[in-house]
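Chemist: The whole structure should be built from the sequences, with the hints applied where relevant.
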Amino acid sequence: MTGRGVFRMVAALVLVTVPVLSGPSLRGEDDTVIDAAAQRAQGQQHQQIDLDQQMNGMFFPVEGNAEKSRQQCLDRLLLQVSALDEICGLKAEQRRKCEVAAKLDVARAIDEIEAVRQRYSGRTIDLQNPAGQAEWQRVHQDAQAVRAKLQDAGGETSLLRKVIPGILDEEQRSDWRRESDLRAQYQWRGVVDAGMVQLDIALGLTSEQSEAIRGLLMEKPLRINPAKLWMHGSHFPPFVCRYGLAKLDQAKLKALVNERQWKMLGQFIEQGKGMKEHLKQQKMILE
Amino acid sequence: MTITSSRFSVRFLRAAATISLLAGIGGMPVRGVLAEDRVDVDPAEDPAQMQRRQQIKQQATHWEQQFTKMLYGDLELLRAVCGDLPRESRRAIATSGEQAAREAALQMAELQIPPLAEPKPDAEKSPDNPVTIPSAALTKSVAEHVGSEQAKAFAEQLTRRDDRRKAAIIHEIVAVLDSELVLTASQREEIERSLRQQWNDSMMMTLQGIVTANGIRVFPGLPGACVSPHLTKAQRQRFLPQPDANRQQRGAWQHQAWMQTVNMLNNVQPAGRDPWWFE
Chain A
1 MTGRGVFRMV
11 AALVLVTVPV
21 LSGPSLRGED
31 DTVIDAAAQR
41 AQGQQHQQID
51 LDQQMNGMFF
61 PVEGNAEKSR
71 QQCLDRLLLQ
81 VSALDEICGL
91 KAEQRRKCEV
101 AAKLDVARAI
111 DEIEAVRQRY
121 SGRTIDLQNP
131 AGQAEWQRVH
141 QDAQAVRAKL
151 QDAGGETSLL
161 RKVIPGILDE
171 EQRSDWRRES
181 DLRAQYQWRG
191 VVDAGMVQLD
201 IALGLTSEQS
211 EAIRGLLMEK
221 PLRINPAKLW
231 MHGSHFPPFV
241 CRYGLAKLDQ
251 AKLKALVNER
261 QWKMLGQFIE
271 QGKGMKEHLK
281 QQKMILE
Chain B
288 MTITSSRFSV
298 RFLRAAATIS
308 LLAGIGGMPV
318 RGVLAEDRVD
328 VDPAEDPAQM
338 QRRQQIKQQA
348 THWEQQFTKM
358 LYGDLELLRA
368 VCGDLPRESR
378 RAIATSGEQA
388 AREAALQMAE
398 LQIPPLAEPK
408 PDAEKSPDNP
418 VTIPSAALTK
428 SVAEHVGSEQ
438 AKAFAEQLTR
448 RDDRRKAAII
458 HEIVAVLDSE
468 LVLTASQREE
478 IERSLRQQWN
488 DSMMMTLQGI
498 VTANGIRVFP
508 GLPGACVSPH
518 LTKAQRQRFL
528 PQPDANRQQR
538 GAWQHQAWMQ
548 TVNMLNNVQP
558 AGRDPWWFE
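Quick note, the sequences are listed as chains A and B, same order. So for the first sequence, this note's numbering puts the first residue at 1; every next one is plus one. So for the second sequence, this note's numbering puts the first residue at 288; every next one is plus one.
Source of the hints: derived by calculation from the structure; they are not laboratory data. All of these numbers come straight from a predicted model, not from anything done at the bench. It cannot be assumed that every hint is accurate.
[What the hints assert, rightly or not] Which residues of chain B face chain A? A few of them, derived with a C-beta cut under 7 Å, are: (1) 364; (2) 459; (3) 469.
[What the hints assert, rightly or not] Computed, partial: chain A to chain B, Cβ under 7 Å: (4) 86; (5) 187; (6) 190; (7) 193; (8) 194; (9) 200; (10) 201; (11) 202; (12) 207; (13) 226; (14) 227; (15) 230; (16) 264.
[Claimed, not checked] Now the stretches of chain B that chain A is said to cover, found in silico as 3 or more residues with beta-carbon under 8 Å: (17) 348-360; (18) 440-454; (19) 470-479; (20) 520-526; (21) 552-566.
Think of the CB as a built atom: it goes at the ideal place given N, C-alpha and C, for glycine as much as any other residue.
Modeler: Here is the structure:
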């Protein structure tokens with residue numbers, strides 16, 4: 001081999017091996033080349049979170065827009081007023097009082113949200129240090145609580161709920177109570193249904209057994225919050241039903257099934273007990 | 288300098304090469320091929336088809352577990368209906384049930400992993416519901432091995448259970464609507480009636496998770512015509528039915544609803560094989 005030939009061979013080897021050893025082993029046609037320094041700067045920028053820019057999106061469910069979210073929350077409460085009107089035939093003055101109470105409930109929720117917003121306003125979080133990461137976590141927790149405030153407006157402890165019994169006359173109050181009882185009964189029946197569909201199949205219950213267990217459950221309803229409970233579809237209601245089974249007289253329940261079914265039913269009951277704290281914490285059951 | 292890629296092709300090749308290399312030199316554990324994973328190899332078969340068959344077989348393992356839980360419940364019901372049965376009949380019935388559970392599992396997996404080619408327009412017949420296969424097989428087997436009276440009694444119990452299930456799902460759907468729209472008792476009744484008249488398995492999708500559009504809940508699979516006419520103007524503004532679905536979408540919902548039915552015992556441990564049936 002001539003000296004020129006050796007040089008060519010070495011040059012060819014260098015050309016082949018250098019990119020393999022020093023650079024990425026494979027590179028696709030769609031790869032984009034980015035300067036490392038620019039990427040580091042961009043990365044650092046991403047680590048800095050301007051809370052004023054983030055909070056609306058995290059706090060307000062409708063397009064991250066405070067006003068639209070407020071309006072939607074109010075519309076939901078006004079639906080309760082409309083339903084009341086439908087049942088009781090409200091006079092104009094009664095309706096106006098209910099609407100004012102609904103508006104105040106929403107305003108109170110918005111005020112509370114605003115207080116949280118003010119706490120974080122003008123601040124930037126640095127995710128590169130642990131303190132910043134911990135604070136970002138706190139913002140997320142507060143955002144969850146803030147969203148819950150809008151969801152809970154008009155709930156058990158709201159002004160609207162307190163005002164209603166006071167402004168109705170005797171006949172209206174009786175109609176309203178009857179309707180409220182029917183709604184509570186209907187909602188509980190939904191929970192029982194969701195649980196019994198599973199028991200029917202897993203335990204191989206006869207129609208008679210199924211109806212008897214349903215009967216026991218319907219006699220001892222739990223206090224539930226339907227809006228929270230059905231928020232995730234039919235995932236949680238069967239667990240509430242299982243917890244309802246745990247609260248029944250176990251001897252009565254046992255008398256309705258055979259030994260094999262009782263063993264299986266025990267599994268459902270234990271799961272219900274295990275979920276109790278979570279269901280309470282999420283305000284799905286109220287006790 | 289550094290490299291980023293907008294597609295996965297190059298990274299996938301790198302990862303695949305690394306995995307095969309590590310596996311080859313024993314640096315990474317490799318899952319052994321289980322008997323149930325094995326697929327008969329036909330050299331003439333399209334690799335994509337073979338891969339699909341493999342996936343179906345794997346998925347069927349999951350579905351078989353779920354169908355078996357349901358089967359044990361059905362056998363319990365059958366025992367309650369028929370009372371004592373001759374040993375040979377018991378074994379024959381239970382074995383046919385287990386066979387049917389395997390068939391149902393395979394059919395469910397096939398629905399889950401659709402064929403590679405688009406279905407022909409003239410082949411749009413809806414597939415049968417795999418959920419009904421085991422109980423239908425049990426009923427047939429009872430008729431063969433025990434008697435038509437017992438088979439009839441068992442079938443009647445199954446029909447009543449199915450009616451309860453349908454009524455329960457409708458009730459749950461209306462409970463969800465009620466929690467969103469504050470319905471009156473008469474509205475709930477009217478909507479329930481309307482849903483009963485137009486019942487379709489895909490309505491079950493309404494109970495799946497939560498879908499919202501700008502904070503307003505969407506109800507997939509729920510025909511607006513069953514609900515909207517019974518609402519007030521204010522309620523209609525807060526009710527968003529899923530836009531009209533095409534045939535394919537409706538079919539997909541139906542399949543998902545069937546899967547949801549079988550999966551509902553997912554978090555329950557199976558009761559175990561009752562030896563009375565197999566001794």
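Chemist: Are the hints correct? Go through all of them and say.
Modeler: These are the hints, each one checked on the structure:
Checking residue 364/B against chain A by beta carbon gives a least distance of about 4 Å; that is within 7 Å, so the hint holds. Below 7 Å, beta-carbon pairs count as interface contacts, and residue 459/B has one with chain A at about 5 Å; its hint therefore holds. Of the supplied interface hints, the one on residue 469/B holds, with its beta-carbon coming within about 4 Å of a beta-carbon of chain A, less than 7 Å. Look at residue 86/A: its Cβ gets to within about 6 Å of chain B, closer than 7 Å, so that hint holds up.
Look at residue 187/A: its Cβ gets to within about 6 Å of chain B, closer than 7 Å, so that hint holds up. Residue-level restraint check for residue 190/A holds (minimum Cβ-Cβ distance to chain B is 3 Å; threshold 7 Å). A least Cβ separation of about 3 Å between residue 193/A and chain B falls short of the 7 Å threshold, and the interface hint therefore holds. Hint status for residue 194/A relative to chain B: holds, with the closest Cβ pair at about 6 Å, below 7 Å.
Interface hint status for residue 200/A: upheld, as the beta-carbon distance to the closest one in chain B is roughly 5 Å, under 7 Å. Hint on residue 201/A holds. Least Cβ distance to chain B is approximately 5 Å, under the 7 Å limit. Nearest Cβ of chain B to the Cβ of residue 202/A: about 5 Å, under the 7 Å cut. The hint holds. With 7 Å as the threshold, the beta carbon of residue 207/A comes within range of chain B, its nearest partner Cβ sitting at about 5 Å, so the hint holds.
For residue 226/A, the shortest C-beta to C-beta distance to chain B is roughly 4 Å, which falls under 7 Å, so the interface hint holds. With its C-beta approaching chain B no nearer than about 5 Å, residue 227/A sits inside the 7 Å limit, and its interface hint holds. The interface hint given for residue 230/A is met, as the beta carbon of that residue sits about 4 Å from the closest beta carbon of chain B, less than 7 Å. Contact between residue 264/A and chain B, as hinted, is supported at the beta carbon level, the nearest pair being about 5 Å apart and thus within 7 Å.
Interface restraint, the region 348-360 of chain B with chain A: holds (4 residues with C-beta to C-beta distance below 8 Å; minimum three). Coverage of a stretch by a chain is defined here by at least three residues with a beta carbon nearer than 8 Å to that chain's beta carbons; for the region 440-454 of chain B and chain A the count is 6, and the condition holds. Counting residues of the region 470-479 of chain B whose C-beta sits closer than 8 Å to any C-beta of chain A gives 4, which meets the bar of three, so the coverage hint holds. For the region 520-526 of chain B, the stated coverage by chain A is satisfied: 4 residues place a CB nearer than 8 Å to a CB of that chain, which reaches the threshold of 3.
With 6 residues bearing a CB less than 8 Å from a CB of chain A, the region 552-566 of chain B meets the requirement of three and the coverage assertion stands.
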